[in-house]
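Peer 1: The chain contents come next:
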Amino acid sequence: MVEKSIEEINRRIKEGSVNVVTAEEMVGIVGELGAKEAAKEVDVVTTGTFGAMCSSGAWLNFGHPEPPMKMNKVFLNGVEAYSGVAAVDAFIGAGQLSETEGFDYGGAHVIEDLIRGKSIDLHATSYGTDCYPRKTLDTTLNIYDLNQAIMINPRNGYQKYNVATNGINRTIYTYMGSLLPNYGNVTYSGAGVLSPLSNDPDYQTIGVGTPIFLGGTKGHIIGEGTQHSPETNFGTLMLRGDLKDMSADYIRAANFHEYGTSLYVGMGIPIPILNEQLAQSTAVTDKDVVTNVLDYGVPSRDRPVLRKVNYEELRSGSIEINGKDTPTSSMSSFKKSREIAGELKKWVAAGEFFVNTPSQRLPAKATCKPMRQTTRNPLVQDIMAKDVVVIDENATFHEAAKMIMENTFSHLPVVSEDGKLAGIVTAWDISKAVAETGCNYVKDIMTKRVLTSNATDPIDIAARNLDMKEVSAMPVIDKDRYVIGIITSNDISKLFARRR
Amino acid sequence: MMIKINISSNVIGEPILAESMIETKTALNISQAHFDSTYGEIIAEVETDDFKSIREALESKGAKVTVLDHPIVRDEEECVECGACISVCPGHVFSFDEEWGIAQDIEKCIQCGTCIKMCPHHALSLEK
Numbered sequence: 001m002v003e004k005s006i007e008e009i010n011r012r013i014k015e016g017s018v019n020v021v022t023a024e025e026m027v028g029i030v031g032e033l034g035a036k037e038a039a040k041e042v043d044v045v046t047t048g049t050f051g052a053m054c055s056s057g058a059w060l061n062f063g064h065p066e067p068p069m070k071m072n073k074v075f076l077n078g079v080e081a082y083s084g085v086a087a088v089d090a091f092i093g094a095g096q097l098s099e100t101e102g103f104d105y106g107g108a109h110v111i112e113d114l115i116r117g118k119s120i121d122l123h124a125t126s127y128g129t130d131c132y133p134r135k136t137l138d139t140t141l142n143i144y145d146l147n148q149a150i151m152i153n154p155r156n157g158y159q160k161y162n163v164a165t166n167g168i169n170r171t172i173y174t175y176m177g178s179l180l181p182n183y184g185n186v187t188y189s190g191a192g193v194l195s196p197l198s199n200d201p202d203y204q205t206i207g208v209g210t211p212i213f214l215g216g217t218k219g220h221i222i223g224e225g226t227q228h229s230p231e232t233n234f235g236t237l238m239l240r241g242d243l244k245d246m247s248a249d250y251i252r253a254a255n256f257h258e259y260g261t262s263l264y265v266g267m268g269i270p271i272p273i274l275n276e277q278l279a280q281s282t283a284v285t286d287k288d289v290v291t292n293v294l295d296y297g298v299p300s301r302d303r304p305v306l307r308k309v310n311y312e313e314l315r316s317g318s319i320e321i322n323g324k325d326t327p328t329s330s331m332s333s334f335k336k337s338r339e340i341a342g343e344l345k346k347w348v349a350a351g352e353f354f355v356n357t358p359s360q361r362l363p364a365k366a367t368c369k370p371m372r373q374t375t376r377n378p379l380v381q382d383i384m385a386k387d388v389v390v391i392d393e394n395a396t397f398h399e400a401a402k403m404i405m406e407n408t409f410s411h412l413p414v415v416s417e418d419g420k421l422a423g424i425v426t427a428w429d430i431s432k433a434v435a436e437t438g439c440n441y442v443k444d445i446m447t448k449r450v451l452t453s454n455a456t457d458p459i460d461i462a463a464r465n466l467d468m469k470e471v472s473a474m475p476v477i478d479k480d481r482y483v484i485g486i487i488t489s490n491d492i493s494k495l496f497a498r499r500r
Numbered sequence: 001m002m003i004k005i006n007i008s009s010n011v012i013g014e015p016i017l018a019e020s021m022i023e024t025k026t027a028l029n030i031s032q033a034h035f036d037s038t039y040g041e042i043i044a045e046v047e048t049d050d051f052k053s054i055r056e057a058l059e060s061k062g063a064k065v066t067v068l069d070h071p072i073v074r075d076e077e078e079c080v081e082c083g084a085c086i087s088v089c090p091g092h093v094f095s096f097d098e099e100w101g102i103a104q105d106i107e108k109c110i111q112c113g114t115c116i117k118m119c120p121h122h123a124l125s126l127e128k
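One line per chain: the protein sequences are A and B, in this order. According to UniProt numbering, the first sequence holds residues 1 to 500 in order. According to UniProt numbering, the second sequence holds residues 1 to 128 in order.
No wet-lab data here; the hints were simulated from the structure. Please note that a few of the clues may not be correct.
Said to hold, decoys possible - Partial selection, computed: residues in chain B whose CB lies under 7 Å from chain A: (1) V80; (2) I86; (3) S87; (4) G101; (5) I110.
Quick caveat: nothing in here was measured; it's all calculated off a predicted structure. Beta carbons: idealized from backbone N, C-alpha and C, even for Gly.
Whole structure, please, built from the sequences with the hints as guidance.
Peer 2: Written out as structure tokens, the structure is:
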């Protein structure tokens, strides 16, 4: 049994005799020497990751203005920062979007601009009190003007992440990037072999107070992250670091088209090799880290798992989905992850960075629960009109006009001879038929590509579809394409009006 | 050759693209299109011989035509070499090199602009 103490390793770091390698190098060392010898040889293994970590932000303290003010609403370059704490503290979150620039600029950009030393416009408002009389404030400041600028990331360093693809027939834009129609591509995130938590999955050395590389400077782990789910191998970390010492080489704002902003965070953790078990766990390879490919085309929390996949397959450039070779894109940078593990290795080797024993272990038993919802989500079947009138495709447009006049619907689903949905006609289509010659039958004037809905779809999904396709009604069909109802944007508006 | 056609809000409701194609008997091979109520942007391929006439037709109807004679440009300062662009490019312009940096074969670029939307760091552009 090889047993080493933290003190012993730190003494070697101090003396300059420490043997520190990256998690990539450790794979070969353990392969060659075995875990026991490797545990004797190697003192510290460094890891690294660089990817989108939306759950990031920074606490800023601006100092007190004269006359003083209890900032109630705070905007930094037009991006709202949360200030529901003491007078001049605010938390700028990476995903908050600019009030004026929307998707183009967000909290992540404010953070990067602060790190780059750029000037930031601060706008604040308040209700005014006896002790804090001031009501509005506008000023321009930079990171050096702040008392504190402390990065606090509630959830970073995911052990691994879900892989995304898209089974529907249009491109969707997600926090995993553009996903092409019909499983046209696959995107993934995570550093595999270099992933910090995958190298110490039992949290033997990674815990509260562990010193880490964060954004180019030294930071700390302050506990498990939100949604920490070690039982499903989706552990996360909460991190702290001084923004004033960070570098834009390792902290980068990002924009995901039609999704929003996020922050790319460079993070690395040194793992002291105290025993054989740690030598073995730090020899983890891309092949050992297995995750799920999910269909993001399904707009639900419970997305279907298409297959399991490991990082070696993902990094090969393509994986098979439904028998088709599908190209993969990494959303995180392996090159940067390597750079971080390398940088951390240099710090340890130079005697500038020490390891420690966590002051508290991270929970090893926990899973991430879904939300408890006390009100039932309305479904299409709850508000659709069930007494829907349909028309045969061989009817004349006169008959269609008559039917529209006699009923209150302005949309008529059209059915073929077998009774299944074939199209839709509106009053507008009929006017067009009257104006043009040669169109006598409903089948000549109907819209054939009909947007439809299922009875069990949540209203929010139906509303988004109506909105995106700019139509005002959708026939509701069963699995055999028989029309069982119709849902209109009017029905949805009424539902929301009732709620208020 | 590849062109970009911008249609501003004051003429967005009019079928100027179709009219221009019919008028000049020119086929535009559209590779990307974006339309909403405020603007339209189309990237299309056109035969070099037809370019002059279609540009005149489009511009006379209020569109702006730009020649895309420069393939995709990657800003190496902004790029973090994640590889997001790799899987969306129909021309297979991007790939990883041996060091996991981004290698690019610009000859293959069809200037469709798909990678521009994909890039999380605004590192790719078609304009010079």
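Peer 1: Taking the hints in turn, state whether each one holds.
Peer 2: Tested hints:
Residue-level restraint check for V80 (chain B) holds (minimum Cβ-Cβ distance to chain A is 5 Å; threshold 7 Å). Annotation: interface hint on I86 (chain B) holds; nearest CB of chain A at approximately 5 Å, less than 7 Å. Here the hint on S87 (chain B) is kept, as its CB sits about 4 Å from the closest CB of chain A, short of 7 Å. Checking G101 (chain B) against chain A: minimum C-beta separation of about 5 Å stays under 7 Å; hint holds.
Hint status for I110 (chain B) relative to chain A: violated, with the closest Cβ pair at about 15 Å, above 7 Å.
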